[in-house]
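Novice: Sequence:
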Amino acid sequence: MAVGDDVDLFGHPMTVVGIAGDADMVLASFVFMTHAAAETVLGSPDTTSFVLVGADDPAAVAASLDAAGLHVVPAATIRANDLAMKGQAYTAAVGLLVAIAFGAGTMFRDCAHSWGEGGWSRW
Numbered sequence: 002m003a004v005g006d007d008v009d010l011f012g013h014p015m016t017v018v019g020i021a022g023d024a025d026m027v028l029a030s031f032v033f034m035t036h037a038a039a040e041t042v043l044g045s046p047d048t049t050s051f052v053l054v055g056a057d058d059p060a061a062v063a064a065s066l067d068a069a070g071l072h073v074v075p076a077a078t079i080r081a082n083d084l085a086m087k088g089q090a091y092t093a094a095v096g097l098l099v100a101i102a103f104g105a106g107t108m109f110r111d112c113a114h115s116w117g118e119g120g121w122s123r124w
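Whatever position you read off the sequence shown (first residue = 1), add 1 for my numbering.
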């Protein structure tokens, strides 16, 4: 996929306008789009769960949003949560690989032991 490519997202034609370099994971993918596009694609207006906002003065924007009764999460917290989620995903994957390696090692040991006792010649 590259900038300028046309994609079909849940029956809605979209054009790739950018690619986020650090927004990928092994077990998850992310799509960034405008608020209006998200409501159209998902067919669920007025159901926003969060909006990412960039600003020249984050503290002032956060204070303004907080005063309006909106929950503000600083970029540093989002970054930390993202790293924690990636860590959990990688921990699960590594745990599975360790279990597979342990099982394979046990099977190899048992087969080698049987081979040494002439077990294979009995087949």
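Hint data in this document are derived by calculation from the structure and do not stem from the laboratory. The C-beta atom is built at its ideal place from N, Cα and C for all residues, glycine as well. Warning: the hint list may mix true and false statements.
[Said to hold, decoys possible] Okay, the calculated beta carbon distance ranges per label pair:
#, residue 1, residue 2, range
1, Asp83, Asp111, 35 to 45 Å
2, Val52, Asp9, 23 to 33 Å
3, Ala76, Val8, 22 to 32 Å
4, Thr49, Phe103, 38 to 48 Å
5, Ser115, Phe11, 21 to 31 Å
Novice: Could you run down the list of hints and mark each one as holding or not?
Specialist: These are the hints, each one checked on the structure:
{"no.": "1", "hint": "Asp83 / Asp111: 35 to 45 Å", "in the structure": "holds, 43 Å"}
{"no.": "2", "hint": "Val52 / Asp9: 23 to 33 Å", "in the structure": "holds, 24 Å"}
{"no.": "3", "hint": "Ala76 / Val8: 22 to 32 Å", "in the structure": "holds, 28 Å"}
{"no.": "4", "hint": "Thr49 / Phe103: 38 to 48 Å", "in the structure": "holds, 45 Å"}
{"no.": "5", "hint": "Ser115 / Phe11: 21 to 31 Å", "in the structure": "violated, 54 Å"}
Comparing the model with each earlier hint shows a violation of hint 5 alone; every other hint is respected.
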